[in-house]
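With chain G fixed as given, assemble chain Z onto it according to the hints.
There are 2 protein chains.
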Amino acid sequence: MTERIFNFYAGPAALPLEVLQEAQAELLNFDHTGMSIMEISHRSKAYEAINAEAEASLKELLGLSDDYRVLFLQGGASSQFFMVPMNFLPSGRTADYILTGSWSEKALKEAQAFGQTHVAATTSADNYRRIPSATEIHLSENPVYAHITSNNTIFGTQWQSFPKLTAPFVADMSSDILSRPFDASNFALIYAGAQKNLGPSGVTVVIIRKDWAESSPATIPTMLRYSTHSKNASLYNTPPSVAVYMINLVLRWLKKQGGLAAIAKKNQEKAALIYDAIDRSGGFYRGHADKDSRSLMNITFRLPSEELEQTFASQATQSDMIGLKGHRSVGGLRASVYNAMPLAGCQALAAFMREFQRTNG
Amino acid sequence: MTERIFNFYAGPAALPLEVLQEAQAELLNFDHTGMSIMEISHRSKAYEAINAEAEASLKELLGLSDDYRVLFLQGGASSQFFMVPMNFLPSGRTADYILTGSWSEKALKEAQAFGQTHVAATTSADNYRRIPSATEIHLSENPVYAHITSNNTIFGTQWQSFPKLTAPFVADMSSDILSRPFDASNFALIYAGAQKNLGPSGVTVVIIRKDWAESSPATIPTMLRYSTHSKNASLYNTPPSVAVYMINLVLRWLKKQGGLAAIAKKNQEKAALIYDAIDRSGGFYRGHADKDSRSLMNITFRLPSEELEQTFASQATQSDMIGLKGHRSVGGLRASVYNAMPLAGCQALAAFMREFQRTNG
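Here the protein sequences come in this chain order: G and Z.
Each residue of the first sequence is one higher than the one before, counting from 1 in UniProt numbering.
Each residue of the second sequence is one higher than the one before, counting from 1 in UniProt numbering.
Just so you know, these hints were derived from the structure itself, not from any lab.
In this text, all values refer to a predicted model and were calculated from it rather than measured experimentally.
Among these hints, one or two may not hold up.
Note that the list lumps identical chains together, so a pair holds whenever it fits in one copy or between two copies.
[Stated by the list, open to error] Derived lysine to any residue pairs resembling SDA-like cross-links, with alpha carbons at most 20 Å apart:
hint, residue 1, residue 2
1, LYS45, ARG328
2, LYS59, PHE352
3, LYS265, PHE162
4, LYS109, SER227
5, LYS59, ASP211
6, LYS45, ARG4
7, LYS106, THR222
8, LYS265, ARG209
9, LYS210, GLN112
10, LYS109, ARG93
Looking at chain G on its own, in the form it has when it is part of the complex:
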């Protein structure tokens, strides 16, 4: 038997055990082809079937019509930071950004090279402890799009619901896509690095309205036009096959779990175990995020001292719970509990937190 541990890394992150077992079982011989999935031509029927099934499953899970395409690209969300404005922010026009953390700041910075930008809301003065309220959002006059980050891995905040905006809506959903139901048809473009809720790193999912996908300027490099990838069903060039294959297995697993409503219920239950340990600690554990902005994916908290925080992280590792050290810009601890984190992992962490407090409190 393989000895597996509980993986609280922010990403790359835990994958469903069943998915890994399936990938392992067929790693030398995918679907009776006599080849590994890593060896199969992307022009083969076997790979085209994976590519098509993954796109169809994503649209099915998100309830999207054929007005949308799902693309499997490379370069991570960091590449989407510039690809979105390169495709959709012409010089002289304005794009709006709502800042809720380091990733939205990076997205804004890349956009500034292409056209005008406008910060429609920011909670940076509150050290990004919270998501802005709807009344705090002030769009510019006629923005080409408004960009948000749905979940903030570093600060541990998450939009509880999405505002209704008059501008085309673009979202970086890298760290909470497919973790809960939402109205995806409200967005012109959604992007997500796979390595949190979708699969391994190395593939970026882009969900894009077809009219947007078709409007890329012909003056930018071929590989940077959404239209190139949309027209070719993500097969213009060699795709990151093994990562897309893993996404497809994860999507099958998610459908077996009951889809987004079912996984959201599990995610609430899981996160509640850890937030309860924080809230019932009498101040020993202090959450970074305001309660009404708390993320169900990344739970950030501090201890009474940095020394205790280090002890916590190292004792947790000894107890087979890894990846709990927080991001340097917030400090403290962070438990990332994406879709694939089993309930038992959150139970184990909550029990560890209570025991650690009993011993060190």
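What follows is chain Z alone, placed relative to chain G:
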């Protein structure tokens, strides 16, 4: 036992069986971490060790000094087609391209958006059956670089040796990197999609002289500057971890094979089996490439009729040899026999060719 077949795909292509077996064995628990390689944070010591070893091994195999960096990027060679001129071809300057096939044409096309280009040589009038001779190459006055494609998968040609040029030398070596010794220090930049000789698809290796890596303009998107990835040892953003891990295993395997000189000898022996079957067929099989331009990686040939070519490919598949259909722009058959293709695969194909000729000749 897994039933494996002989995989002649042009890429993604065959990987060494030992490498796949090792990846399979530890897919649920990499190096006693209790996690899959697909789940491990790229900020962990375990992943950083893989990243560093893969860079060191590539430099060791290529005999490169610390004047060079090896980067693991995303987006394939198709993204390097524009990244190279975006970084190194300022408006008003000229970059030279030597055209030996469809991939060099695509590289040229992407460069045209950034500055002047000059075709220093082309064999397109000969349907790319051959590599130009040194005397056919005429550089422009002061090019920022001269670009070549070392091996042409579609046409089945390969530079037998590289010309000495006065300009900084850039090469797309996607389909023959690490297949033979060559003087890598002759190049300012070498790029290669991994999916032929290095690993699975989803990672692009860039070997770049440090002075070049440091000279990216600050005006282009952060992710598109070589300097960003060089400064951060390919860890500026989340890397395609599993693909880099596979490269690292393939490099270990290659070193165990004896390095580039040893693998070159094997590659010559393997390709000779198939070229012999062509040359001794009395014209039944006709090679596409001129003899002095033949590729040891991709062997392209025609049969007396398209009908026979189809029969050949389908009977070969029934005999567990897959991926032999040629590219549509050349037609006929193509046997891709990269480093990982075992000698037995080439022996089986050569025997099949003789038998097919006996039955259908």
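Which hint numbers does the structure go against, in order from smallest to largest?
When the structure is compared with the hints, numbers 2, 8 and 9 turn out to be violated.
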